[in-house]
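Asks: Sequence:
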Amino acid sequence: MSAPRSRSSAAWPCCRPRPPSRSSTTKRRRRTLAADEALPLRSDEDVVRARHKVRELAQQAGLRLVDQTKFVTAVSELARNTIIHGGGGRLRAGLMQDGGRQGVFATFEDDGPGIPDIQMALTDGFSTGTGLGLGFGGARRLVNEFDARPNPTGGTVVRVATWR
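Residue numbers (the working numbering): 2 to 165.
There's no promise every hint is true.
Computed beta-carbon distance windows for the label pairs [as the list claims (entries may be wrong)]:
1) Arg165 / Arg43: 14 to 22 Å
2) Thr70 / Gln98: 18 to 26 Å
3) Pro153 / Glu57: 28 to 36 Å
4) Arg43 / Arg65: 25 to 33 Å
5) Gly155 / Arg65: 21 to 29 Å
Please keep in mind that the hints were generated in silico from the structure rather than gathered at the bench. Positions of the beta carbon are idealized from the N, C-alpha and C atoms, including for glycine.
Working from the sequences, and respecting the hints, build out all of it.
Replies: Structure, rendered in structure tokens:
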């Protein structure tokens, strides 16, 4: 797997930069699930459903098995965080295309108070709960793109993506 290309992300220093388009004239096109297909995240069963949905999408995107597994693992961790630390929330996932590349993304929105210090939350060993504090940063390492930011209406929005 090649390392992600970098681009300035001064607005979000905690997050891995998104790879640039292959052509400056090519705009990223995303196909997402319909709004009624947003998956609720409230229980362990919802985490299992989220894992299955993103596995299907990763296969449709043509990701290698190892990249599918990494993406599904990241989604599982973030879904659990959404439930445990965010009081539940929603997952939207879909396929994306950038020029000739295909990928899969997942966006999590939680109903919690938000993360006061996202940079600190990405530090291995930091936890506001009883966990080991490895999940948030670990999820970041498993994907090509990772953005986490406060939601203006409350809670946190986390978006992850992996490219073929």
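Asks: For each hint, tell me whether it holds in the structure or not.
Replies: Comparing the hints with the structure gives:
1. Taken as a hint, the range 14 to 22 Å is violated for the pair Arg165 and Arg43, whose Cβ atoms sit roughly 31 Å apart.
2. A hinted range of 18 to 26 Å for the beta carbons of Thr70 and Gln98 is consistent with their spacing of about 22 Å.
3. For the pair Pro153 and Glu57, the supplied restraint of 28 to 36 Å holds, since their beta-carbon distance comes to about 31 Å.
4. Taking 25 to 33 Å as the suggested C-beta distance range, the pair Arg43 and Arg65 conforms, at roughly 32 Å.
5. Here the CB-CB span from Gly155 to Arg65 is close to 37 Å, at odds with the stated 21 to 29 Å.
Comparing the model with each numbered hint stated earlier shows that hints 1 and 5 do not hold.
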